[in-house]
Amino acid sequence: MSAPSIGAVTLAPHRVGAMVLRYLYLLRSSWTRLLELIYWPAVQLLVWGFLQLYIAQNSGFFARASGVFIAAVLMWDVLFRGQLGFSVSFLEEMWSRNLSNLMISPLRPIEFVCALMIMSLIRLAIGMVPVTFLAIAFFGFNVYGLGLALAAFFVNLILTSWAVGIVVSGVLLRNGMGAESLAWTLMFVLMPLACVYYPVSVLPDWLQVIAWALPPTYVFEGMRALIMEHVVRADLMVEAFVLNAFYFAAGVVAFLQLLKSARRVGSLLQTGE
Amino acid sequence: MPQAAEPAIAVDQLVKVYKTTRAVDGISFALERGSITGLLGGNGAGKTTTIAMIMGLVMPTSGTVKVLGAEMPRQRYQVLHKMNFESPYVDMPHRLTVRQNLTVFGLLYAVEDLKGRIASLARELDLVEFIDRPTGKLSAGQKTRVALAKALINSPQVLLLDEPTASLDPDTADWVRAHLERFRKERGVTVLLASHNMAEVERLCERVIIMKRGRIEDDDTPQRLLIRYGRETLEEVFLDVARGRGEASEAAQ
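Those protein sequences? They're chains A and B, same order as listed. Each number in my numbering corresponds to the 1-based position in the first sequence with 16 added. Each number in my numbering corresponds to the 1-based position in the second sequence with 2 added.
Hints are computed from structural coordinates only; laboratory data are not their basis. Wrong hints could be hidden among the right ones.
As the list claims (entries may be wrong) - With the Cβ distance kept under 7 Å, some of the chain A side facing chain B (calculated, not the full set):
1. R31
2. R44
3. S45
4. R113
5. L150
6. L166
7. R190
8. T201
9. G282
Just so you know, these numbers come straight off a predicted model, no measurement behind them. In this text, a Cβ means the ideal position worked out from N, Cα and C, and glycines have one as well.
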């Protein structure tokens with residue numbers, strides 16, 4: 017089987033496929049894992065959706081902004097669940113004490129990362145697609161009605177989620193399971209700064225500088241502009257994409273450096289605490 | 003290009019320091035292709051760190067490790083597909099069946115005719131009965147056989163074994179040893195075996211390297227070690243080395 021070369025990096029599709037197959041076998045064998053993928057996004061959607069319904073009935077502004085909360089919930093879940101899908105697949109290797117087997121196999125780090133990205137998409141699809149239909153059924157909000165803009169939102173959010181997932185996996189490799197909580201909590205640092213539920217202008221000036229350094233901020237601003245003002249802000253999507261390209265590349269470099277450091281301190285041998 | 007006479011594993015002045023601990027302290031040895039060597043030592047002797055450096059899992063502080071001519075870990079991807087490893091301290095995903103696990107590893111190692119290879123390993127290692135059961139539901143003996151099947155899936159030229167029969171009952175352990183013996187004879191694979199089981203090393207190995215506090219204390223054939231130390235079993239030799247009686251015994255000779 018041939019292995020195409022990306023620059024100095026070899027990428028063999030059969031090894032990426034082997035890892036994806038490994039995670040699909042796992043999902044197929046565990047209904048609790050499958051249920052968990054849908055459970056939290058559905059709960060989130062219902063809570064925020066009904067809250068929006070209630071407020072809209074009592075406020076002209078929210079009546080005009082119909083769907084903005086629901087869209088924000090769905091977009092936030094793309095960001096959060098995308099990273100979680102990446103990190104949890106990685107954690108599965110640590111939980112099952114299988115990491116050494118993989119590290120002594122011909123699997124390259126970049127192939128491992130590719131498999132984790134594919135699994136992040138698959139897990140996201142399993143969890144989010146049914147929830148988007150719930151949004152139509154309960155609140156009459158059709159996220160697919162956002163059209164091409166939805167694709168731009170999705171690409172930018174998933175790139176950010178992967179960049180964070182890659183760094184978290186590197187930290188786990190280097191520091192072991194003691195860093196597991198990062199996988200579950202790191203993304204929440206972005207939540208207030210990325211302005212998921214409110215415009216950037218609400219933040220103090222100095223915090224706005226930080227907010228605009230985060231790609232998701234552009235997505236949530238763009239989403240509000242589209243839903244509330246019916247304006248497509250392509251400029252915001254391009255800026256987000258440029259930032260994402262930088263963060264993603266930085267994430268890969270950080271992962272490789274953390275892996276190198278893990279080899280130096282011997283932490284690949286001990287993947288416990 | 004590696005020379006034909008180049009050793010399968012060449013370790014030269016290898017040192018590994020973890021913060022202030024010298025886990026491996028300047029060891030050198032070379033293993034001929036097709037040989038089987040036992041790596042003996044008490045807890046903390048440096049066996050696992052040495053094996054980890056040979057596999058490229060741990061980066062040496064200084065010195066070099068070459069496997070089939072490739073320097074580890076820098077050139078590891080030139081040889082990782084020709085090596086494999088088995089240890090009871092490393093698991094495979096519990097929820098996956100034996101067949102699924104072997105399929106995943108077979109794909110990672112690009113094994114040709116993978117279905118045929120799995121079927122043949124299942125027959126050789128007596129896995130047929132439970133090949134479609136989740137790996138986590140197997141007994142310790144069955145898990146060891148599955149781990150061995152994973153280690154042999156790519157028909158490796160270099161096989162590293164870390165206490166392959168630990169926690170097995172004597173019957174299963176004997177079965178595993180017999181299989182390893184047969185596999186090595188048939189395939190001419192180079193085996194490095196770290197073990198605490200002296201009888202196992204005596205039976206399987208044609209050479210024994212004894213480590214203590216990160217250094218090589220002795221390196222010889224089992225027969226010559228017995229003669230030199232004036233002992234009847236390797237266990238007695240090991241105890242002599244571990245308790246610092248080696249020099250005294252040799253001086254008395």
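Hint-by-hint comparison with the structure:
For R31(A), the interface hint holds, the least distance from its beta-carbon to any beta-carbon of chain B being 5 Å, beneath 7 Å. Annotation: interface hint on R44(A) violated; nearest CB of chain B at approximately 9 Å, more than 7 Å. Here the hint on S45(A) is kept, as its CB sits about 5 Å from the closest CB of chain B, short of 7 Å. For R113(A), the shortest C-beta to C-beta distance to chain B is roughly 4 Å, which falls under 7 Å, so the interface hint holds.
Interface hint at L150(A): violated, since its Cβ lies 29 Å from the closest Cβ of chain B, which is beyond the 7 Å cut-off. Because the beta carbon of L166(A) sits about 34 Å from the nearest beta carbon in chain B, more than 7 Å, this interface hint is broken. For R190(A), the shortest C-beta to C-beta distance to chain B is roughly 13 Å, which exceeds 7 Å, and the interface hint is violated. Checking T201(A) against chain B by beta carbon gives a least distance of about 26 Å; that is not within 7 Å, so the hint is violated.
Interface restraint check for G282(A): the shortest CB-CB distance to chain B comes to about 5 Å, inside 7 Å, so the restraint holds.
Checked against the numbered hints given earlier, the structure breaks hints 2, 5, 6, 7, 8 and satisfies all the rest.
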